[in-house]
Every structure is written in C-alpha cells, then in structure tokens.
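Protein chains in written order, with the numbering used here: chain A, 1 to 602; chain B, 1001 to 1602.
Don't take every hint at face value.
Here are a few chain A residues that face chain B, going by a calculated C-beta distance under 10 Å [as the list claims (entries may be wrong)]:
(1) 326
(2) 334
(3) 341
(4) 345
(5) 351
(6) 353
(7) 417
(8) 524
(9) 563
(10) 564
(11) 574
(12) 579
(13) 584
(14) 588
(15) 594
List time: in silico SDA-like cross-link candidates among lysine to any residue, alpha-carbon distance up to 25 Å [to be verified]:
(16) B:1286 to A:330
(17) B:1082 to B:1103
(18) B:1067 to B:1253
(19) B:1227 to A:497
(20) B:1551 to B:1015
(21) B:1319 to A:595
(22) A:333 to B:1170
(23) B:1227 to A:326
(24) B:1333 to A:285
(25) A:149 to A:96
(26) B:1286 to A:329
(27) B:1473 to B:1490
(28) B:1333 to A:225
(29) A:473 to A:599
(30) A:470 to A:427
(31) A:505 to B:1329
(32) B:1473 to B:1022
(33) A:65 to B:1103
(34) B:1333 to A:508
(35) A:473 to A:508
(36) B:1333 to A:518
(37) A:473 to A:484
(38) A:333 to B:1218
(39) B:1065 to A:61
(40) B:1286 to A:328
Calculated from the structure, these hints are not laboratory results. Treat the numbers as computed from the prediction; the structure is a model and nothing was measured. Built from N, CA and C at the ideal position, the CB exists for glycine as well.
Each chain, letter by letter, is given below.
There are 2 protein chains.
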Amino acid sequence: MQLPKESYASQRNLRFLLFEVLDSPGLSALSRFEGYDREAFELTLDAAKQLADRYLFPYYRAMDKDKAYFDGEQVRVHPAMKPGIKAIADGGWISAPQPFSDGGQQMPLVLHNAGLFLFYAANANLASHPFLTAGAANLIRTFGSQDLKDLFLERMYHGDWQGTMALTEPQAGSSLSDIISSAQPAGNDLYRIKGQKIYISGGDHDAVENVVHLLLARIEGAPAGTKGISLFVVPKFMPSAEGLKDNHVTTAGIYGKMGQKGYVAAHLMLGEQGDCLGYLVGEPNKGLSYMFQMMNEARIGTGLMATGSASAAYYASLKYAHERSQGRHPSNKDHTQAPVLIIEHADVRRMLLFQKAVIEGSLGILLKCSYYADLTHAAEGDRAIEAGYLLELLTPVAKSYPAEMGILSVSQGMQVLGGAGYTDDFPLEQYYRDIRVNAIYEGTTGIHGIDLLSRKIFLAEGKAVSLLMKEVKSAIDQGRSYPELAPYAEMLAQRAAALHQTTMKLIQTAMAETPEVFLADATLYLEFMGHLAAGWVWMEQGIAAMKGLEKNLQGAEAQFYLGKIQTLRYFFEYELPKTLALEARLNSAVRVTLETKPEFLH
Amino acid sequence: MQLPKESYASQRNLRFLLFEVLDSPGLSALSRFEGYDREAFELTLDAAKQLADRYLFPYYRAMDKDKAYFDGEQVRVHPAMKPGIKAIADGGWISAPQPFSDGGQQMPLVLHNAGLFLFYAANANLASHPFLTAGAANLIRTFGSQDLKDLFLERMYHGDWQGTMALTEPQAGSSLSDIISSAQPAGNDLYRIKGQKIYISGGDHDAVENVVHLLLARIEGAPAGTKGISLFVVPKFMPSAEGLKDNHVTTAGIYGKMGQKGYVAAHLMLGEQGDCLGYLVGEPNKGLSYMFQMMNEARIGTGLMATGSASAAYYASLKYAHERSQGRHPSNKDHTQAPVLIIEHADVRRMLLFQKAVIEGSLGILLKCSYYADLTHAAEGDRAIEAGYLLELLTPVAKSYPAEMGILSVSQGMQVLGGAGYTDDFPLEQYYRDIRVNAIYEGTTGIHGIDLLSRKIFLAEGKAVSLLMKEVKSAIDQGRSYPELAPYAEMLAQRAAALHQTTMKLIQTAMAETPEVFLADATLYLEFMGHLAAGWVWMEQGIAAMKGLEKNLQGAEAQFYLGKIQTLRYFFEYELPKTLALEARLNSAVRVTLETKPEFLH
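Using the sequences and the hints, build the whole thing.
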C-alpha cells in the first residue's frame, strides 16, 4: 500500500472539478477570459502548489506555536509571514482576477479560487492576509476615484500594504445598522474619523509597511440605520509626498483567539490620539451597499478557508490511518497475528469518507459559485443574469456548509487519531481550533440562515430558486441514466421535492404570520439547503466520475474515479438522510423557540 | 429580567432529577443506604456546591493559563490543585460510596455522582484527580489482599496519594490484547515490572506525595491476548518501614494537550533506571476482568465530566445572552429603538435550548445509571440483577451521548457569543477545547459502538434490551395521559419501534453475515440508542414536570417546570427526529465503508 502523496490538498481533485465537472477552460470563449485554456489552468495550479509547498505549508504549525503578539506598540507576526505574503503578491495572486486595465490578469475566479483553496489548505493563517488585501483593494478599484486607486492599489497589489475590512464595533456586533463611528468633513474628500473597531482581522502587523482599512462610519447628520453608513479608506499611515505619516489608528490590543493565532484580530481606536483622516469612497450613505461586494467575496473566501483547513486535516488523518497499526478485524480472534492498519477498520473508513464527502462537496459548491461569478462578470444577457442569481442564492450556503460541516469534519479527523489527535504531536488539534472561527467570520451561521430565508429565496420573485432547482433536476436526469447513480438520483429528487414543499410551506408562513414566526428556524432551513446543494454537486461529480470510468483506465486514475463513486455513495447513504430530520422539524407548527421565555432558561 | 444565578450547574435541576424523576431517597429503604433520606441528600448536595464554589470553580481558567508542566524531573501542577484535592478528600468524597467497613460512608452512587457532576462542572481539571484516585482505590479495595489495602487505601482516600489507570501502551492503543509490559516474579507477591505506558492521566504531579498506578502487564509465560493480562499496583514510591523509596517509575514527558491543560497525560517508563516493583492484585491473568470495574466506573465518570463541562459552558453562554444587546426583532425596522438582548432572538434561544436539552438529557441518563448501580449493589434478587443488566447495557450510551453531544453543545454555547466566544475573554473557548477529549477518554466512541452492538444487546440473551424497552414503554404510557406530552409519547413510541426493528434487522445480519458486515455501522447504532435513551429520560422528566405544574406554583418554581416542558418540546421537535436519518442508513444494505478500499481514499 502506498502512502497518500498529498499532504494538504488534492491536485487531482481540483483538476477533476475544474475540467471534468465544470468546463472551466470553456470560459476562455468569453473575451474577458481569452487565453485561459486548459494549459493556462494547469500552469497556474502548478505554480500555486509550488508556492504553497514552499512558502506556506512549512510554517503552518510554527505560526501557532510562535503566535502573533502585540508588543504594546505594534503587532508582531511570524517571520515567515512577510516572505509568504510577498510570494503570493509576486505571483500576481492579489490582483489576478482584476482587468488588465487595473493591473490584473483577468483570471477567471474559478481558477483563482482553486489557487486560493490551495493556499488556505497549506496555511490559512498566512493566506488570509493577502486575500483580505485583495478584497479591500477590489473595493477601492470598483467604487473609488482614480486618485484613490492611484494612492493605494499598487502597494496593496504588491503585498506591501495590508487591506482590512473594518466593520464591527463593540456596541453593534453583527448589527451594522448600529454602527456609530463618526466622520466629520475635513475638506478635499477627506473626513475626520473617530470611533472603535473590534475583531479587525489583520488589523495591524509588522509584515507590511502600512495597513489600509476599508471602514464603515457615519457622516455627521446621516440618517439612522444602514442608510446612513458611508465607506472610507482609512490608512494606518497616510501616504504623502513626504512619505508615510501617522494617521492615528491606534492598536488597543489583540484578542486572545482559540485558533488562527498567526492571524490577529485587532481592537483599533481611530482618532483618539490625534486626527485620523479617511477618504470617502463613492457617494455618502452608500457604504453598506459597496461593502457587500467585499463581504460577498469574503463569504466565498471563508468557505474556501474552512474547506482548506478541513482538507489539510483530512490528509493528516489519512496519513495516520495508513501508518498506524492497531487491533484486528472483528472476525479475527487470533491475537498472535499482527495488528492491521487502522484504515482497515470500517469505522475509521467511515470517518475518512465523511471528511472526503464534506470537503469535496464543499469545494464543488464553492467552485460552482466561482464559475457563476465568472459568468456574471464576463457573459452576456440572460446567461450573466441567471448566473448572478444563482451566485447570490448560493452564497450563504457556500459560506455556511463548508464552515459548519468542516468543523465536524476536522473533529472526525482528530477522532481517527484517538488520543494522539488531541495532542500537539499532530496538527489535528490546530486545525480543530483554527477551523472553528469560520462559522463566525463574515456573518455567523444564524445570520446566513436569515439572509437565505428572508432575502435570497425571494430573489427575482423566486426565479433564483427556480434556476437552482432546474440545475438540480438536470443533474438528477443525467444521474438516472447510470445504474450506479440512479438510486441516488431518485433520492436527490425526493429530497429536492421535500425542500421545495418545505419552502412553499415557509412562504405561506411568511404571508400569514409575523417575520419572527417565519424566520425562527432559518438556520435549519440553511442546513437543509446546504445538504441539498452538496447532494447536487455530488451527483454532478458522480456523473463526471462515471464518464471517467468509461475510459477503462487502470491504476491511480481508476482508483480516483472509484473513490469518487464510493464517496458519493457515502454522501447519499449517510449525509443526505439528515435532511429527513430537518424536514420534519421545518414542517412542524410547534413554535418552540418563540414560546420559550427567557425565564424558562435557567 | 433577572440574570441567571447559576454559574456552572443548576442545583434545582439536580434536585428535580434526584427527588422528582428518581425517588433517590427511597433507596434508604435498602439496608446499605439506611439514613440517606432527603435531608441527607440535601445536606450533601449543599456541601458539594460550597466546596466546588470555593476550591474548584475559581481556578478553572487559571489551570489552563498556568498549565501543568514537566520540569525535567517532575510534573508541576497549579498551586490550587493540592488544596482542591484535599478539600474533596476531607469531605469524604473519594471513599464515600464504599462500605463503612472499608472506611466509606455507603453513600448511594446516585448522590455521589450528583456531587461528582458539580465538581466536574466547576473544574474538571481539578476534580479528575481525586475521582481517578477513587476508581483506583476501589479496585484495590475490591480485588486486593488485606495487606495491599492496608498499604495503600488510607493515603489514597485522604488525597495524599494519586491513583491512576495505566493501560495504554504505544504499540497497542485501544487494543488491550496487545499489551506487552512485562512482570517477572520477584518473591512475596511482588513482580519486577518493565514497560511503557502512555496517556496516563494524572500519571505524575506534585500535588500529591505518591502516585499509585493500577497497571496492566503480562507475567512471563502468560497466554497471548487478553487472557494473559494481570493487574498490578505499581507505586511511584514504594511504601516501606523507612518511608517512601523510589520505585523507578520515570516520567519521560507529558503530552501537549489541546485542552485539560491542568490535568496531565504522562508518558511513563517502568523499570528502565532500576527495579520497578509491582504488587499483583488478585489472581494472575485476570487483570482485564478486574480492570473493567474501574473502566466502567470511569465511563460513567467521563459522561459526568462531559456533562459538567457542557453545563458550565451553557451557563456562561446564558449569562452572555442575558447581558449582551444586539440587533432587533425581524418585524422591527426602527433603527432608533434600542437593540434587544440577544436572548430575545429565536436562533439564540434555539442554541440555548439545544444545550439545555443535551445537558439535562445526559444527566438524566447518567443519574439513572447511577441509581441502577445502587440497586445492583444493595437490592436483592431480580431487582438487583435487572438493574445490573440495564446499567451494563446503558454504560456505552451514558459515556458516549454526553461526550459526543456535549462537544456540539459547547460549540453552540460558543456560537451564542459569536466572535467573543472564540476569544479567551470568555471561558467558552476553554470548555470547547477541554470537552473534546471526552469522546476519546475511556474508549473512543467507535469502541463503545462495538461494545453496544456486539456485546450489550445480546446481554442475558437480549433480556437487557427487553428491560430497557419495558422502561421506555412505561414512560410512554404515563406520558400519553398528559395532553402536553401525548404527541411526544407517540413519537417516542414510534422511534422506539424503529430502533427495535433496526435491532432485529441487525441481529439477522449478525447471523447471516461476517462480524465485519454486522458491526460496520456500530457507531450509528450507538447514536440511535443515545437519542432514544435521551428521549426516554426526557419523557420521564416531562411527566415529573407535569406533576410539578399540577401544584399551581408561582414564580421561579413555575418557571422551572415550564422550562422543563419547553426543553422537552425542543428535544422532541429538533433532536429525536435525527434518528430518522440513522434509521434510514442502518436499514440500508449498501456496504459503503466495507467496499471502500484504502486506495480509494486519496
């Protein structure tokens, strides 16, 4: 038996998803993506893997042990952070999806995000930095003036300056309508910013020369709520003809996080020790709508980060299962025989299959969303519009399914190792701590449930949902023609019908009842949609694998496709049935949570 | 709105379970438990709470921050460890369940374990030490000679000497048949021990004068497998007329654990640097059967530890939900109104109800098992025998349901706090790290699945299962007479029937197929049994709560019972339906894991 050769992510699986499930190189028929043929995809993936192998993966454990710290003045990060960020920037990754005219490479997001997945799998603590910068830079690029772009973009694209997303405030948390950071006009599109921001990822560190905060604040006299929020660029150091000048963005401290200890969450004070100036981006009071571009990108990014951590944990547990001997098969009572490798035990295989099903299902959803984003940007007419609807509908799922299921996946990875998995002799315990935050980043799972049920299912008068169901039906129809897949195609059809019926029932509730009643179980609805979306992409992967098997390949290639089919069977036998419980609850009229008074919880 | 007054565990709930669900003081009718009337129970619980409040809870966080370490010679633990262990010992807790004749108080286990739950909830890192000693001492008491008892018990009962369970070896792991530590006769019932033991909890530390290992090893020439394992008492320092003498039990190091950092897992080398002597306990080659007494006690203890951590995490998240304001109700679009407490949000209540359902369901199972243990020890005839069957059958469930569901419960507790929960500003992150090990301690969940399905359901020709089903049916029948409970009694009946049918189907598989096929999904079967057992104890709690409500109480007492009913509704609406998915899978003939070749996992 050969040991698995992957250490954090499967290159073969990425190619399967990009070339066999999706026709990603087919995007090159769109003028924006001209030249992105299969060879360009291959070269880019190889380059990403080499970069991750060299600059990222070797430092994952070290960034936890020698964690980032605040020295009273500045945050200090691991010495490998700077070369890693620079390597990613030098590879063009920060600006790659942007137009040539803005210094980018017009790289399809489906390819860019495949690379991003590799980087996150190799070292999410490191990779988070440049891709946060990418989102911030893209916000300036999309909505900022030419002056702003000239001032900031180049240094951000080069990885010299960190970008951040500065939204959360102590009194507001997830409720952005309650933001109170203030902005006073100071002339020349500049505003004097005062306030506090908390949990600012990458909010301060010494692997860059400057930190550029994309920050939400209220211009004096702005309306209450989300309609009075504006977007500002607030650098730590203000660029000027004389160089960088202190802009009075003070780090009050960093949070003691359970994981991702290489990547700080900072508490920032703005304008407390002197004038802190920010540039208004776009029009006043439209800040939140602009910020949604970065938030939506970051939600896909969070899904990729969770999937990356789960993937790396899977390969660590798979390696252990291939090396560790323990116990014998239940039918073998001969204690003089040598123990078997634990991968021989059915329950260990179950835990490995669970991980593989979650990771490859999550990645399937995420790359599909990326592909839709590409069509939205580069296709025309209905094709672009419909892809946009699907992307919007699936974004809460693409963020939450990988995050929530990824947490469980890493936990099963730890369980494969038993006691060893609980110790720092192996990396599982770090993945376990690190991945947990993904269900909190960029809107908690509860927030995404409400987004899905209160907004996304009504998108374009329900057309988004219809489009998704059409896609699911297409996979079911194709699946039915393969005897190996047909029973699972039927199961998917049955579960899709149950989701449809549940959705109709919830819409009736929305019309007849208060929003409180309608939304009470939104998180469960999101979970149902997540399992169904995973079922859909697994059916598509099954179809692609059956096509692969028709080629009568031998060796590793045949094993790859057989492994896909086996993992699909795992998914449909063990995972999709979980929707039975969700269906039962979502169709019950008993208002458990709403009828629970706080006094009952004691 | 009053803040919840509990900080780690509910005293009211313990009394409800002990006095209203179980008739624990009724045990005083048995001669062994004479005098343990309600007042004795109340006084004992109050004493436990006061002790935990003073000596345990204040040091829980500190034992993580100032973690135990190995100084090259000895393990150093937190300074609060010694007074805490002594306080528990001085309270008589280590020996309390033992007979008067052996220095105990003949305390019913149902009361002892209620206290143990409080101690674990207050500080599992600390409480683990004396209760590990209790299990080790009880093993000497039950199977050791009078000489051994005289040598060791008193100092162990007084908390001066630590007891341990030294089973695991590097090459064997969970497979105890592969133990190779050796024992050579050295005269006078003494044996020369050589070998290595790993993951030995409490295996060395400076809060005690001596450490007494209850250790499994093979006497030279013993048969292979589990039938050649003997039990030894191997102290770190050998007691002698001249005082304590070094016995060459060397600490090679301690493991860097993700959690429970106050409570070490040591790697021990025996007899490497000189003679290491051990006393044989009982007869040669019967060690494993003796050790099962300690393992079974420790399994209930692990369930209590998990439930304790989950309970403390629940109260931490409940406190936050009562203090933190954020957002508004979905129907309120007026941003000028103040935000509401997050406990007002349906999804936060759902997360709190989930925790409460898991904790109080787990505790219900565990105290019921403790009550059965009391009957086994003290009742007569069929009553004792039947209680013994139920205890044996339920032990894997009482260990695994609290451990597995407790992990998820603490995760939801963290989620209630959002970003704050991921930081060490709050204790959730420590509970999250600490509780994870309970699914590994004392046999991983997979091991307990096999124990349940391959041994326990066949116990006494299936009589154990029949007895359990009779108990479940009795709860269903009583539940049917309350309109509030009747629909859930029907649901429980339906799910119990599904479990019965699934069990029959699996037994057919056992007869027709290899053990590999039969046991492949044993973990899922355990999960099914866990949810069903929780449903059973929740129905019993519902019946007791309905009786409480009949008294037309006001205020906190009424709220308590209403909260019970509401949590029961949560359990039956959201939790028990999870068995639908397990039933679907367990009744499928598709052999997913067995047909997955290692080569398919890549």
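The hints, checked one at a time:
Annotation: interface hint on residue 326 (chain A) holds; nearest CB of chain B at approximately 5 Å, less than 10 Å. A least Cβ separation of about 9 Å between residue 334 (chain A) and chain B falls short of the 10 Å threshold, and the interface hint therefore holds. The closest approach between the C-beta of residue 341 (chain A) and any C-beta of chain B is roughly 8 Å, which is under the 10 Å cut-off, so the hint is satisfied. Against a cut-off of 10 Å between C-beta atoms, the interface hint on residue 345 (chain A) holds, since the closest Cβ of chain B lies about 8 Å away.
Look at residue 351 (chain A): its Cβ gets to within about 8 Å of chain B, closer than 10 Å, so that hint holds up. Satisfaction of the interface hint for residue 353 (chain A) is found here, the shortest Cβ-Cβ separation to chain B being roughly 6 Å, below the 10 Å cut-off. Because the smallest distance between the Cβ of residue 417 (chain A) and any Cβ of chain B comes to about 9 Å, under 10 Å, the interface hint for this residue holds. A distance limit of 10 Å between C-beta atoms decides the matter here; for residue 524 (chain A) the minimum to chain B is near 8 Å, and the interface restraint holds.
At a threshold of 10 Å, the smallest CB-CB gap from residue 563 (chain A) to chain B is about 3 Å, leaving the interface hint in force. The criterion of a C-beta within 10 Å of any C-beta in chain B is met by residue 564 (chain A), whose closest approach is roughly 8 Å, and the hint holds. Annotation: residue 574 (chain A) was flagged as interfacial toward chain B, and the flag holds, the nearest CB pair being 6 Å apart, inside 10 Å. Satisfaction of the interface hint for residue 579 (chain A) is found here, the shortest Cβ-Cβ separation to chain B being roughly 8 Å, below the 10 Å cut-off.
At a threshold of 10 Å, the smallest CB-CB gap from residue 584 (chain A) to chain B is about 4 Å, leaving the interface hint in force. The closest approach between the C-beta of residue 588 (chain A) and any C-beta of chain B is roughly 6 Å, which is under the 10 Å cut-off, so the hint is satisfied. At its closest, the beta carbon of residue 594 (chain A) sits 6 Å from a beta carbon of chain B; the interface hint therefore holds under the 10 Å criterion. A distance of roughly 22 Å separates the Cα atoms of residue 1286 (chain B) and residue 330 (chain A); the hinted pair therefore holds under the 25 Å criterion.
About 22 Å separates the Cα atoms of residue 1082 (chain B) and residue 1103 (chain B), which keeps this hinted pair within 25 Å; it holds. With a CA separation close to 14 Å, the supplied pair residue 1067 (chain B) and residue 1253 (chain B) stays within the 25 Å bound. For the given pair, residue 1227 (chain B) sits about 56 Å from residue 497 (chain A) by alpha-carbon distance, which is inconsistent with the 25 Å threshold. Distance check on the hinted pair: residue 1551 (chain B) and residue 1015 (chain B) sit about 17 Å apart at the alpha-carbon level, within 25 Å; holds.
Among the hinted pairs, residue 1319 (chain B) with residue 595 (chain A) is consistent with the structure: their alpha-carbon atoms are about 20 Å apart, no more than 25 Å. A distance of roughly 21 Å separates the Cα atoms of residue 333 (chain A) and residue 1170 (chain B); the hinted pair therefore holds under the 25 Å criterion. Restraint check for residue 1227 (chain B) and residue 326 (chain A): the C-alpha separation of about 18 Å stays at or below 25 Å, so the hint holds. Restraint check for residue 1333 (chain B) and residue 285 (chain A): satisfied, since their Cα atoms lie roughly 18 Å apart, inside the 25 Å limit.
A distance of roughly 16 Å separates the Cα atoms of residue 149 (chain A) and residue 96 (chain A); the hinted pair therefore holds under the 25 Å criterion. Distance hint between residue 1286 (chain B) and residue 329 (chain A) is fulfilled; the C-alpha atoms sit about 24 Å from each other, no more than 25 Å. Between the alpha carbons of residue 1473 (chain B) and residue 1490 (chain B) the distance comes to roughly 10 Å, so the proposed pair stays at or under 25 Å and holds. A C-alpha spacing of about 9 Å is found between residue 1333 (chain B) and residue 225 (chain A), which places the hinted pair at or below 25 Å, so the restraint holds.
A threshold of 25 Å between alpha carbons decides the hint, and for residue 473 (chain A) with residue 599 (chain A) the separation of about 47 Å lies outside it, so the pair is violated. Our distance criterion of 25 Å between C-alpha atoms is broken by residue 470 (chain A) and residue 427 (chain A), whose separation comes to about 42 Å. Of the pairs offered as hints, the one joining residue 505 (chain A) and residue 1329 (chain B) holds, with about 22 Å between alpha carbons and a cut-off of 25 Å not exceeded. This hinted pair checks out: residue 1473 (chain B) and residue 1022 (chain B) have alpha carbons roughly 17 Å apart, not beyond 25 Å.
Pair hint residue 65 (chain A) plus residue 1103 (chain B) does not hold up; C-alpha atoms about 48 Å apart against a cutoff of 25 Å. The suggested pairing of residue 1333 (chain B) with residue 508 (chain A) holds, with an alpha-carbon distance near 22 Å, which does not exceed 25 Å. Of the pairs offered as hints, the one joining residue 473 (chain A) and residue 508 (chain A) holds, with about 24 Å between alpha carbons and a cut-off of 25 Å not exceeded. A threshold of 25 Å between alpha carbons decides the hint, and for residue 1333 (chain B) with residue 518 (chain A) the separation of about 16 Å falls inside it, so the pair holds.
The straight-line distance between the Cα atoms of residue 473 (chain A) and residue 484 (chain A) is roughly 18 Å, inside the 25 Å bound, and the hint therefore holds. For a cut-off of 25 Å, the pair hint linking residue 333 (chain A) to residue 1218 (chain B) stands: about 19 Å separates their Cα positions. A hinted pair counts as satisfied when its Cα atoms are at most 25 Å apart, and residue 1065 (chain B) with residue 61 (chain A) qualifies at roughly 20 Å. At roughly 22 Å between alpha-carbon atoms, residue 1286 (chain B) and residue 328 (chain A) fall within 25 Å of each other, so this suggested pair holds.
Going through the hint list in order, the structure does not satisfy hints 19, 29, 30 and 33.
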